[in-house]
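Colleague: So the chains spell out like this:
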Amino acid sequence: MYQARMMRKVELVVPETDVIAVTEALAASGAFHLATSEFMGDESVLNADGKWHTWVTTFASLERRIMAIIEALETDVGDPPELAHLIEPEVAQRDIEHLEQEIQTPLHELETAQRRLTQLERYLTQLEPLRDLDIDLGTLRKLRYTYAMLGMIPAANVERLRASLEHIPFALTTLRHDDHLAAVALFGLQRDAQILDRAARSAYLNPLTPPETYRGTPAAAITAMQAGIERTRQHIAEGKSALAHLQELHIRRVRHLLWRVRASRRLVETILQYGRLRYTYLISGWTPVSKVDLLKQQLGGASQNISIEVTAPKWETAPHSAEGAAESEEIPVVMENPPLIRAFQGLITTYGCPRYGELDPASIVALTFPLIFGIMFGDVGHGILLGLAGLFLAHQKRIRALRSFANMGVIVALCGLSATVFGFLYGSVFGFEDVLEPLLLRPLEDIMDILLLSVGMGVALLNVGMIYNMINNALAKHWGRVLFDRNGLAGIVFYWSLLGIAANMFIADFPISIVALEVTTFLSGAVVTFATLLERLLEGKRPLVEDWGTYLMEAFFELFETVIGLLSNTLSYVRMGAFAVAHGALSLVVFIIANIVSPGHSLSYWLVVILGNLFVIGFEGMIVGIQTLRLEYYEFFGKFFAGGGRRYHPLSLIPGQQRKP
Amino acid sequence: MSVIAYAQIQATTRALYSQMLSPGVWTTLIQAPDLDAVLGELSKTVYGAYLQLDRRLLTPRRIVYQGKRYLADRYTKLMRLAPEAAANLIRLLWRSYEVDNLKAILRGIETGATWEQILFLLSPIPAHAALALADLEMMVQSGAVIRAIERLKNTDYYDTLSHALERYQREQNLFPLEVALDLAYYRELWQCIQALPPRDRDYALRTVGVSLMADNLLWALRYRIYHKLSGEEIINYTLALNPRITDADIRAIAGGEQPGEVIARIFPEVASQVPGDLVAGTQGLRQLELILQRYVVKLCRGVFVGDPFQIGIPLAYLQLMEHEIRDLTTLIEAKASQLPPSVFTAQLELYVPFERQDSVGASRTLE
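First to last, the protein sequences are chains Z and L.
Residue numbers for the first sequence follow the working numbering, so the first one is 1 and each next one is one higher.
Residue numbers for the second sequence follow the working numbering, so the first one is 1 and each next one is one higher.
A couple of the hints might just be wrong.
What the hints assert, rightly or not - Quick list of in silico lysine to aspartate or glutamate cross-link-like pairs, EDC-like style, CA-CA up to 20 Å:
(1) L:Lys-153 / Z:Asp-178
(2) L:Lys-153 / Z:Glu-111
(3) Z:Lys-240 / Z:Glu-100
(4) Z:Lys-51 / L:Glu-116
(5) L:Lys-153 / Z:Glu-121
(6) L:Lys-228 / Z:Asp-197
(7) L:Lys-153 / Z:Glu-71
(8) L:Lys-153 / Z:Asp-179
(9) Z:Lys-296 / Z:Glu-11
(10) Z:Lys-240 / Z:Glu-71
(11) Z:Lys-240 / L:Glu-150
(12) L:Lys-228 / L:Glu-178
(13) L:Lys-103 / L:Glu-116
(14) Z:Lys-240 / Z:Glu-230
(15) L:Lys-153 / Z:Glu-74
(16) L:Lys-153 / L:Asp-100
Stated by the list, open to error - Computed spacing ranges between beta-carbons, pair by pair:
(17) L:Thr-59 / Z:Ala-60: 14 to 24 Å
(18) Z:Glu-159 / L:Thr-329: 30 to 40 Å
(19) Z:Ala-60 / L:Asp-34: 32 to 42 Å
Read the hints as simulated data drawn from the structure, not as lab findings.
The beta-carbon is built from N, C-alpha and C at its ideal position, and this holds for glycine as well.
Just chain Z, with the same shape it has in the complex (with noise of 0.2 Å):
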């Protein structure tokens, strides 16, 4: 829980015979992150990789041949399977073909159908206006001397088109007028219908042309069609009847053909990162300790002639070589936590991934993150309603949208929690703070208190952070880092030293004289100063300063650079009890409107009361939970994490698959 699992490093030859057996094992067995190789081989033999690359290209078609046939039978691809074999592209592609025919002739009608619907539809709107003309439609197509014409033009070029019809005699009336579109009518002699109709295309006039069959007056048009519509939606309705029936029949089928499809993508685009030689493959990439033996169970069961080296990191044997903390950045990193921690791990990473060897911290989080919220947030009633939002996040399953916030719910519950803790602590139920008594004080009444409390903690936190520090260089074998870093041994007495003359000045009879700080802040302060020296020494490297003078200038800044840092930080925790004063004052606020609003505290009072709780529960905790997150990753973080490390992700040939480290 506290340090990331053991990795070993794994390296394989494969016979090019095996590769796609070998490549399937290593993704069935989930506990294999394939590493980037080393060695890639010479451009002759990565060139005669035309095959994968072709593959690659071809699955990347068949892949999105197979999603327009999953849009055509309006559904979705499903939940992706646990393991996906490959499949020959030759064998996908004949499966894809076959479904295509088999849809194309429903689809094909359903989309005819559709198309005269919106046909009909728009003759309707078109003839809507012209309902009450008492005019035979077969005489508007048989006039001799006279042009007309009806239709649908964008209302953008109406202008332009009677511009363009000026020096000819025409009459352009607009019948209706829709957004985008006009129904118009267009008239002019027949001795001028070629220039009409240029005009009239040119302007994207489309004509209304319903079928001769549609005859009689418009109002007698008008039933016909909407007779016609009515058939054409029956249809429409069939169609997808029809559709319906071929999803049913195919749809297991289809997405069992994509998934394939996908993994296949995805097992020849890993073979494409191996290393190459003329006829083996070489892999590389880590695994945990515990699944060393599993790995090379299903390795053996893909390939009897593969070739199998498991060797421990460099950075065991010699954490702080150049090779070890070099490689220390390539070890990818498994963070593996009890359920409520692991809730934690998002927000460690948001940051930076540990580094292999390195602690993680989401232990240490999981306890702070909610203290430092709680001690800004208290209230009984608020941190209620936080916790009970917090829960439903984290185990609401129906909406979709909402089900990767599952972490954050759990971290808003525990925050709320907290808050819930801390409500009772400061006597605070729903801003009302003449309900319940303190437990230990109101922050509007014991301003100075909180603040001091504020700073005991960050003093208590800041510590942590400097402990942490030296097990992380312990752990790392650093141990001139352990005792000299400004946030190792040396920094923790320089802290103290500092803390201890400042608490001097403002307490009576403190118990340890002032020389006595004075001293004990000099020499660790010397010790600090001095520490990269003195750290070389203590690891036997030389020459221990390459130049004298710009050493000691760089080590009196960085002094300089530690006691304001020391104070900077110390003092940004003051923050916690400023926003617990703020929550309480802001509650405050609340009362003094709904009293504005209704004195006699009617319904009105009540209903500002509530929704002021809302928004202080709404705003003010996102911003305390902002300053939370502040406090962690700048002041806490600063002192011990390192970061840069790679996040542990076994190999799976399914898309979007998480697999359990």
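Let chain Z serve as the given structure and place chain L on it in line with the hints.
Modeller: For chain L alone, coordinates are given in the frame of chain Z:
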């Protein structure tokens, strides 16, 4: 108010303007022996970061695409810094590439091209684009123009294209779809310029507006010379950009009046350069296009002098960058085809090399 609104963007634009390719770089590029030498020179410029690809991938088409990515990033940068009305206009200016992408997609579908063949013909697609790459890919996968247009249902393009579809189905030709897209886009652009505050509108008209008028005029000429369309059709296929270009001017071109006389009325500044044989063949029209584009370049450079706190500076910079990309495209294609400089330098819009003796002048970028 304009000082606050335009302070940062004008400073940023001037810095970007200073990074445009210098005459010295252009001379080196023109005299480069082959495409590899051109790439070597370009990698030392602001385009260098965009050309960090395997050499085998850098085909002429891909090099141009990468150059357009640089342009797309400049658009995005200036959009973020501009006040709201100006940002809308800049966003709309970029949309011309989106319209071109749509046209390329429709042509690709019509000719049965695959997505991989079409992909690098497209202009880059930044985050603010209305159509993402996946949308365009699904259009190609639909396999038919009608189905492809259905996929645009929730976009601004759907109404225009779905209405023009009827003509496409009658004529079995992409021309009505492409013209409909262009007209709708340029109409919106003109309206956006007209909706700007008066001072910004004035500067926008000086840069983007003139370019738009030049394009409108060239469309009218092309429709008359190449497509032999009637007057009514030419009017409907062009825009009324009053007061500079009126329907009377368009009708005059359509009606057979000497184009040179019409152009002299609209663009008196370049009247003397207009070739006499505009209607005789294709060369005259191309020459006119170059003259008008170089005129626009001159206007854009002029905007950098004078009041700095106005919309003209970012608009002018973006216009100049488009010319630079076009000139780079010409140069890259010429080098790939091993054409000598004497053949292609005459086609450059932004840079005029020393050897050319023409009315524009000696070796310099147009001022």
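Colleague: A separate judgement is required for each hint: does it hold in the structure or not?
Modeller: Each hint tested on the structure:
Simply put, Lys-153 of chain L and Asp-178 of chain Z have alpha-carbon atoms about 18 Å apart, close enough for the 20 Å limit, and the pair holds. In summary, the hint linking Lys-153 of chain L to Glu-111 of chain Z is supported, as the alpha carbons are separated by about 15 Å, within the 20 Å threshold. Simply put, Lys-240 of chain Z and Glu-100 of chain Z have alpha-carbon atoms about 16 Å apart, close enough for the 20 Å limit, and the pair holds. For the proposed pair Lys-51 of chain Z and Glu-116 of chain L, the alpha carbon gap of about 18 Å is at most 20 Å, so the pair holds.
Among the hinted pairs, Lys-153 of chain L with Glu-121 of chain Z is consistent with the structure: their alpha-carbon atoms are about 17 Å apart, no more than 20 Å. About 16 Å separates the Cα atoms of Lys-228 of chain L and Asp-197 of chain Z, which keeps this hinted pair within 20 Å; it holds. A C-alpha spacing of about 15 Å is found between Lys-153 of chain L and Glu-71 of chain Z, which places the hinted pair at or below 20 Å, so the restraint holds. Only pairs whose Cα atoms come within 20 Å are accepted, and Lys-153 of chain L paired with Asp-179 of chain Z is accepted, the gap being roughly 16 Å.
A C-alpha spacing of about 11 Å is found between Lys-296 of chain Z and Glu-11 of chain Z, which places the hinted pair at or below 20 Å, so the restraint holds. A threshold of 20 Å between alpha carbons decides the hint, and for Lys-240 of chain Z with Glu-71 of chain Z the separation of about 13 Å falls inside it, so the pair holds. For the proposed pair Lys-240 of chain Z and Glu-150 of chain L, the alpha carbon gap of about 18 Å is at most 20 Å, so the pair holds. Distance restraint check for Lys-228 of chain L and Glu-178 of chain L: the Cα-Cα separation of roughly 18 Å lies within the 20 Å cut-off, and the hinted pair is therefore satisfied.
For the proposed pair Lys-103 of chain L and Glu-116 of chain L, the alpha carbon gap of about 16 Å is at most 20 Å, so the pair holds. The straight-line distance between the Cα atoms of Lys-240 of chain Z and Glu-230 of chain Z is roughly 15 Å, inside the 20 Å bound, and the hint therefore holds. Restraint check: the Cα-Cα separation between Lys-153 of chain L and Glu-74 of chain Z comes to about 17 Å, which is no more than 20 Å; the hinted pair holds. Between the alpha carbons of Lys-153 of chain L and Asp-100 of chain L the distance comes to roughly 18 Å, so the proposed pair stays at or under 20 Å and holds.
One distance hint, 14 to 24 Å for the beta-carbon pair Thr-59 of chain L and Ala-60 of chain Z, holds here, with the actual separation near 20 Å. The hint said 30 to 40 Å for the Cβ distance between Glu-159 of chain Z and Thr-329 of chain L, and at roughly 37 Å that hint holds. Checking the proposed 32 to 42 Å range against Ala-60 of chain Z and Asp-34 of chain L shows it holds: the Cβ atoms sit about 34 Å from each other.
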